[in-house]
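Novice: Given the structure of chain B, go ahead and fit chain F onto it with the hints provided.
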Amino acid sequence: AQTVTQSQPEMSVQEAETVTLSCTYDTSESDYYLFWYKQPPSRQMILVIRQEAYKQQNATENRFSVNFQKAAKSFSLKISDSQLGDAAMYFCACQNTGNQFYFGTGTSLTVIP
Amino acid sequence: EAGVAQSPRYKIIEKRQSVAFWCNPISGHATLYWYQQILGQGPKLLIQFQNNGVVDDSQLPKDRFSAERLKGVDSTLKIQPAKLEDSAVYLCASSFVPGINIQYFGAGTRLSVL
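Protein chains in written order, with our numbering: chain B, 66 to 178; chain F, 759 to 872.
Looking at chain B on its own, in the form it has when it is part of the complex:
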């Protein structure tokens, strides 16, 4: 069975500053994918960034980047130059080769003006 753990229920960041959200996962598979999803109050989950486990290079998407440590099974999300629109719940997820997704419990991010 796969598990995804997000140990920070809540985080806050000043506007324009940088924040890092933590995620660890456990899987017995050698091939898998990792994702960060954002869920604003509207409830619609939006993909932020994804990482293929076989790639060593960390994924980057504009102000969003990840620190993928495969041996430690760690997958943190860094948000640079935080904006008010970044405020949301952030979920880390792991997808196995059977296309099944496992989500963490989420981190609520507050952006302080």
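Among the clues, some could well be false.
Derived lysine to any residue pairs resembling SDA-like cross-links, with alpha carbons at most 20 Å apart [what the hints assert, rightly or not]: (1) Lys120/B x Lys135/B; (2) Lys802/F x Gln165/B; (3) Lys836/F x Gln808/F; (4) Lys143/B x Ser95/B; (5) Lys802/F x Asn164/B; (6) Lys802/F x Lys836/F; (7) Lys802/F x Ser107/B; (8) Lys802/F x Asn132/B; (9) Lys769/F x Arg108/B; (10) Lys120/B x Asn132/B; (11) Lys802/F x Arg108/B; (12) Lys802/F x Thr89/B; (13) Lys769/F x Leu842/F; (14) Lys802/F x Ser173/B; (15) Lys802/F x Lys143/B; (16) Lys802/F x Gln79/B; (17) Lys802/F x Phe133/B; (18) Lys135/B x Thr70/B; (19) Lys120/B x Lys773/F; (20) Lys829/F x Val812/F; (21) Lys802/F x Ser72/B; (22) Lys802/F x Pro74/B; (23) Lys773/F x Leu797/F; (24) Lys802/F x Asp91/B; (25) Lys802/F x Thr68/B; (26) Lys802/F x Gln73/B; (27) Lys120/B x Phe133/B; (28) Lys802/F x Leu112/B; (29) Lys135/B x Ile177/B; (30) Lys769/F x Pro839/F; (31) Lys836/F x Arg774/F.
Calculated directly from the structure, the hints in this document are not laboratory data.
Specialist: Positioned in the frame of chain B, the structure of chain F alone reads:
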């Protein structure tokens, strides 16, 4: 490109009543997922379809929950009878196979069981 459509947006029922949720995935997406998201938790997979076949329903409470995906397109999730603990947001997602299965989510249905 139209997104994943779900209806209704909200539903309030009394315990022991029945309820059904509808999902229309993105055109061409073969895989469809139903998730249950209880307040303060991450989404939990209930059932996964590949076209109109079930891939995984290991976490679906089959004594009261059922789902179908006729013709491999639209899907319906039903709860009969509902319990208080079924109060949650029910999310539908779809993805295109093969490759990295990025899931595209609908806005969900918020169910309140009184």
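Novice: Are Lys802/F and Gln79/B close enough, with their CA atoms no more than 20 Å apart?
Specialist: 32 Å, violated
Novice: Within a Cα-Cα threshold of 20 Å, do Lys802/F and Gln165/B meet the stated pairing?
Specialist: It holds: about 11 Å lies between the C-alpha atoms, which stays within 20 Å.
Novice: Tell me if the straight-line CA distance from Lys802/F to Thr89/B falls inside 20 Å.
Specialist: 17 Å, holds
Novice: Taken at face value, is the distance from the CA of Lys836/F to the CA of Lys802/F at most 20 Å?
Specialist: 16 Å, holds
Novice: Within a Cα-Cα threshold of 20 Å, do Lys769/F and Arg108/B meet the stated pairing?
Specialist: Roughly 15 Å between the alpha carbons, so the hint for Lys769/F and Arg108/B holds.
Novice: Between the alpha carbons of Lys120/B and Asn132/B, is the straight-line distance 20 Å or under?
Specialist: 12 Å, holds
Novice: Are the Cα positions of Lys143/B and Ser95/B separated by 20 Å at most?
Specialist: Not satisfied, since the Cα-Cα distance of roughly 25 Å exceeds 20 Å.
Novice: Is the straight-line distance between the alpha-carbon of Lys802/F and that of Phe133/B 20 Å or less?
Specialist: With Cα atoms ~24 Å apart, Lys802/F and Phe133/B exceed 20 Å; violated.
Novice: CA of Lys802/F to CA of Ser107/B, is that 20 Å or under?
Specialist: 19 Å, holds
Novice: Between Lys773/F and Leu797/F, does the CA-CA distance stay at or below 20 Å?
Specialist: 18 Å, holds
Novice: Holds or violated: are the alpha carbons of Lys120/B and Lys135/B at most 20 Å from each other?
Specialist: 10 Å, holds
Novice: Between the alpha carbons of Lys802/F and Gln73/B, is the straight-line distance 20 Å or under?
Specialist: 19 Å, holds
Hint check: violations occur at hints 4, 8, 15, 16, 17, 19 and 29; the rest are consistent with the structure.
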